[in-house]
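Using the sequences and the hints given, assemble the complete structure.
Counting from 1 along the sequence shown, just add 125 to a position and that's the residue number in our numbering.
The hints are simulated quantities; they were obtained by calculation from the structure and are not laboratory data.
Nothing here was measured: the structure is a model prediction, and the numbers come from that model.
Check each hint, because a few of them may be wrong.
If you anchor each label on the Cβ, the simulated ranges turn out as follows [what the hints assert, rightly or not]:
#1 E185 x P144: 12 to 22 Å
#2 D174 x A136: 11 to 21 Å
#3 D175 x C137: 26 to 36 Å
#4 D175 x A136: 12 to 22 Å
#5 C137 x D174: 10 to 20 Å
Yeah, the Cβ is synthetic: ideal placement off N, Cα and C, and Gly gets one too.
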Amino acid sequence: METEITYVCNACGEDIVIPLDPSQGSVQEFVEDCPVCCRPHVIHVEIDDDGQPRAWAEPEQDYD
126 METEITYVCN ACGEDIVIPL DPSQGSVQEF VEDCPVCCRP HVIHVEIDDD GQPRAWAEPE
186 QDYD
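Okay, here's the thing in C-alpha cells:
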C-alpha cells in the first residue's frame, strides 16, 4: 500500500504530498494549510475496496 498521496492546491495549483494513514479509515477529512501558499483547505481522502487511494482539496469556508 502507498504511504503518501498527492492533491492539488486549489489556490496556487501546486501538487502537495501528504502522508497516507489507512488506519484512520477509508473515508477521511481534515483541514491542512497549503505549505506553499498557506491557504487552508479541507482535504478529502478515500481508499477504495482495492486499496487505491484518492485525495482532493476544497477551500476551507470562512464563517465570520
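For each hint, the structure was consulted:
no. : hint                    : result
1   : E185 x P144: 12 to 22 Å : holds, 20 Å
2   : D174 x A136: 11 to 21 Å : violated, 32 Å
3   : D175 x C137: 26 to 36 Å : holds, 31 Å
4   : D175 x A136: 12 to 22 Å : violated, 31 Å
5   : C137 x D174: 10 to 20 Å : violated, 33 Å
Hints 2, 4 and 5 from the list above are not met by this structure, while the remaining hints are.
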